[in-house]
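A.B. asks: Going down the list, the protein sequences come from chains S and R.
Sequential numbering of the first sequence, starting at 0, is according to numbering that gives the first Met the number 0.
Sequential numbering of the second sequence, starting at 0, is according to numbering that gives the first Met the number 0.
It is possible that some hints are incorrect.
Using 16 angstroms as the maximum straight-line C-alpha spacing, the simulated EDC-like pairs for lysine to aspartate or glutamate come out as follows [what the hints assert, rightly or not]:
id: 1; chain 1: R; residue 1: Lys-25; chain 2: S; residue 2: Glu-368
id: 2; chain 1: R; residue 1: Lys-181; chain 2: S; residue 2: Asp-139
id: 3; chain 1: R; residue 1: Lys-292; chain 2: R; residue 2: Asp-441
id: 4; chain 1: R; residue 1: Lys-25; chain 2: S; residue 2: Asp-242
id: 5; chain 1: S; residue 1: Lys-367; chain 2: R; residue 2: Asp-441
id: 6; chain 1: S; residue 1: Lys-25; chain 2: S; residue 2: Asp-55
id: 7; chain 1: S; residue 1: Lys-181; chain 2: R; residue 2: Asp-218
id: 8; chain 1: R; residue 1: Lys-232; chain 2: S; residue 2: Asp-251
id: 9; chain 1: R; residue 1: Lys-367; chain 2: S; residue 2: Glu-368
id: 10; chain 1: S; residue 1: Lys-367; chain 2: R; residue 2: Asp-406
id: 11; chain 1: S; residue 1: Lys-25; chain 2: R; residue 2: Asp-242
id: 12; chain 1: R; residue 1: Lys-367; chain 2: S; residue 2: Asp-242
id: 13; chain 1: S; residue 1: Lys-367; chain 2: R; residue 2: Glu-121
id: 14; chain 1: S; residue 1: Lys-232; chain 2: S; residue 2: Asp-218
id: 15; chain 1: S; residue 1: Lys-367; chain 2: S; residue 2: Asp-218
id: 16; chain 1: R; residue 1: Lys-367; chain 2: S; residue 2: Glu-29
id: 17; chain 1: S; residue 1: Lys-25; chain 2: R; residue 2: Asp-82
id: 18; chain 1: R; residue 1: Lys-367; chain 2: S; residue 2: Asp-218
id: 19; chain 1: R; residue 1: Lys-367; chain 2: S; residue 2: Asp-436
id: 20; chain 1: S; residue 1: Lys-367; chain 2: R; residue 2: Glu-28
id: 21; chain 1: S; residue 1: Lys-367; chain 2: S; residue 2: Asp-436
id: 22; chain 1: R; residue 1: Lys-367; chain 2: S; residue 2: Asp-251
id: 23; chain 1: S; residue 1: Lys-367; chain 2: R; residue 2: Glu-29
id: 24; chain 1: S; residue 1: Lys-367; chain 2: R; residue 2: Asp-218
id: 25; chain 1: S; residue 1: Lys-232; chain 2: R; residue 2: Asp-55
Now the stretches of chain R that chain S is said to cover, found in silico as 3 or more residues with beta-carbon under 8 angstroms [claimed, not checked]:
id: 26; stretch: 175 to 183
id: 27; stretch: 207 to 213
id: 28; stretch: 387 to 394
Label-pair ranges, simulated between beta-carbon atoms [to be verified]:
id: 29; chain 1: R; residue 1: Asp-93; chain 2: S; residue 2: Lys-367; range: 20 to 26 angstroms
id: 30; chain 1: S; residue 1: Asn-73; chain 2: R; residue 2: Lys-186; range: 55 to 61 angstroms
id: 31; chain 1: S; residue 1: Lys-367; chain 2: R; residue 2: Val-221; range: 55 to 61 angstroms
id: 32; chain 1: R; residue 1: Asp-93; chain 2: S; residue 2: Asn-73; range: 53 to 59 angstroms
id: 33; chain 1: S; residue 1: Asp-139; chain 2: R; residue 2: Ser-309; range: 35 to 41 angstroms
The set of hints was computed from the structure by calculation and includes no laboratory data.
Bear in mind that the values here come from a model prediction, so they are computed numbers and not experimental data.
Ideal Cβ positions, reconstructed from N, Cα and C, are used throughout, including at glycine.
There are 2 protein chains.
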Amino acid sequence: MVDTEDNRKNANSPGPPPEEEVLDLKPEEEQVFLEVLLSGDKLRVRELIEELHPADAADMLEHLSPDDRAMVVNILRDNFDPDLLAELDETVRDHVVDVLGLEDLAAVIVELDSDDALEVLEELDEGEQKQVLDAIPAGDRTLIEEGLSYPEDSAGRLMQREVVTVPTFWNVGQTIDFLRHKTETEKAVMPGVFYDIFVVDPTHRPVGSIPLSRLLTTDRPVPVTDLMDAEMKVLPVSVDQEDVAFVFRQRDLVSAPVVDDGGRLIGIITIDDVVDVIHEEHEEDIMLLGGVKEDDLYEASLYTMRARFSWLVVNLATAILASVVIGLFDATLQQMVALAILMPIVASMGGNAGTQTLTVAVRALAMKELTPANASRVIGKELLVGCFNGILFAVLIGGVAWGWFGDPTLGVVIGLAMVVNMIVAGLAGTTIPLALDRFGIDPAVASGVFLTTITDVVGFFVFLGLAGLIMF
Amino acid sequence: MVDTEDNRKNANSPGPPPEEEVLDLKPEEEQVFLEVLLSGDKLRVRELIEELHPADAADMLEHLSPDDRAMVVNILRDNFDPDLLAELDETVRDHVVDVLGLEDLAAVIVELDSDDALEVLEELDEGEQKQVLDAIPAGDRTLIEEGLSYPEDSAGRLMQREVVTVPTFWNVGQTIDFLRHKTETEKAVMPGVFYDIFVVDPTHRPVGSIPLSRLLTTDRPVPVTDLMDAEMKVLPVSVDQEDVAFVFRQRDLVSAPVVDDGGRLIGIITIDDVVDVIHEEHEEDIMLLGGVKEDDLYEASLYTMRARFSWLVVNLATAILASVVIGLFDATLQQMVALAILMPIVASMGGNAGTQTLTVAVRALAMKELTPANASRVIGKELLVGCFNGILFAVLIGGVAWGWFGDPTLGVVIGLAMVVNMIVAGLAGTTIPLALDRFGIDPAVASGVFLTTITDVVGFFVFLGLAGLIMF
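The shape of chain S in the complex, shown without the other chains:
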């Protein structure tokens, strides 16, 4: 079907949707929904939710206050959409599960794909899991229990068990006929949508993958072994989801086979689940860098307070450490109040320059772009950048200090301290994440607090120390 000029000229209907309509849930709609909910018209509430795509309905539920949300869940209870549950944010899902209760939850879970069911269940505690599993038919239960036996965040938790496989001796025609004419049992183990089929040997080991578009564009007599990619990526069931995401991105995959310890095909991971993993991993990085353990937008205030408290305690300790360093120089400070006024500048500039370096290094480590092969070159570069920028800012702040307090020596002292702290910042910003990574600690977790401790301590110590040495 190739375009002809004629076709194109025929166009006279309304055109594409306006850009804002690409995104579905609009603030006005949420406003209308809230009003209907307040009016108590349960039937209309149910209608409004059911008109939405499950992903949008999930967004709507997320934006509600906990009380309003419980009200909506109770209205939807008799006929709760399983896909809505799968689409919810983790915190909100916990809340919805609480409101639903374990019995109604079991009824909803039965209707989910094995990977989605697993995602909901893994958040429950063991007693609750058992209660829900007991209410689920044996077949589904076994699959879910197997899934729960794999380590958290592993390929085994991500995969779906429904896979389309063909033996090595089939051809295109046999494959298509098999797909068209399945028994009811076969239909039950077929995935809803799939993108590749896998060729397996008699021991059920995957030997090749065939994208559906290739199958569809090939004549019936061609053997599947002539069509398949034998160099496909095979994922062991226990591999970490972060590595799964890396491989999918590196190879532009839409699905990949998962194998057990014996190398046998036991499931596939599809791109939609990987996209969610990519988002999760990014979120984790961004939250940890910001000093938050996890996204707590939908958490209750008390939970949020406690979660953030522990991080702030660490920061209090490091801030007190910095104050102890300042305290070493109380005699010097007493002699000249200008030092107290200027000292936060050196520490702050070091902290900011170090954070810039740190951000690039943490991200590069996560993307596997910073490796032992180029680590020394990256550190060398950051030292150079710190040195250059240190000299520039030394001149700037030296001039400001001289002008402000009319004392050229004060300008020299703050300038020297600035150069030292900016170089230290460049060094610490690269070596701290590298060292944490070497010890198997996620560099995003603790890099920031180490860094600012170092730049604060060095900043105050060098500035006040030099002042004591040179000025008095």
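Keeping the supplied structure of chain S fixed, place chain R upon it in accordance with the hints.
C.D. replies: Only chain R this time, still in chain S's reference frame:
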């Protein structure tokens, strides 16, 4: 093909690859490559690169120093793999393009898909673009020129032009026959791999999409209109790539049609390009929050220095502002050196608590989870969290200050200042990103600097001001 117990027990071959082999490029391999490169064995260098998947070869090139990289590019020049060029990081690609020269570049670009060619070309300046385009055959040139005419970061830049379409009056059998038996011209405009086919009306407007797996599992006589999803998402050509990524994630899409202003189908966007966009957008957020304009891991030192300098200048200005605030209280400071020692603690705790709130808010805005509908509830919650944690830390630091300097009034002063600054931090951490977003500014850009300016100024002002009022 359902597993039988027999099959499973037959297993006796080596099993799955060990986990570390899931990722391809290993440090040892890079070391070997570097040694071969140093030995000057050009033939072996070429062999080693050609053995790698283009994505891994790209990683290898990225990790090399610029001089080594230029050497490798010159060795590969006669037979440069177009896919390797497409896989490279932007900064490294610029460098490789420089080394290749425009003439050799044109030869490589001709072999790329239209969307990849566009990605390489959009980074060149206009003069260079023209030179390369002139060296490319007319057909490809027109497609690329059209692509360049769409706004940067729009759906038009992301899409590939090669789409499979069928008319509304066809059935499954006709569609499969069409896919199998194409003329050479038709083959040229077929995508390499595809996941959905699109049903179009006579004016070439998309009316529905059919996943290939559904086409394959349906009998030949079924009309395509019975199979298609009529409620598919249609993307206008000028919609922003961030919104494209949002829709793909929300709807678990693998491909989506792009339409022009007349609503006619002109291309499709596939999930692999969307995954790259998701990474780009995340990278942008994380970098901006860290005070870096863009990922500069592979940039030269001088460029990096200049790029980071401008951000540090802003920070210098805000640090000086904070110092001016401290300067207002020089008489107070002169009376009691303990104030100078303790004052950074209040500012630092406010900065850290504010950054926690800010991180959650910026992320929630990017994910469209923070909306006008729940903004006031989120602000209220952050005020509450700030107030609670403020009181806790007031008690902690008040005790420390009393114990350290033996002055209970000093403890009360720093405690009060802590409560005020933590509440201000919670307020500023939510309202700053919301306000920037309202004015159409990416909240990740400037939120951090505004926040720490506020928490520094308030921290110093309230602590020293209260000390002056209460203690002297």
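A.B. asks: Give me the numbers of the hints this structure contradicts, sorted from smallest to largest.
C.D. replies: 2, 5, 8, 9, 10, 12, 13, 14, 15, 17, 18, 19, 22, 24, 31, 33
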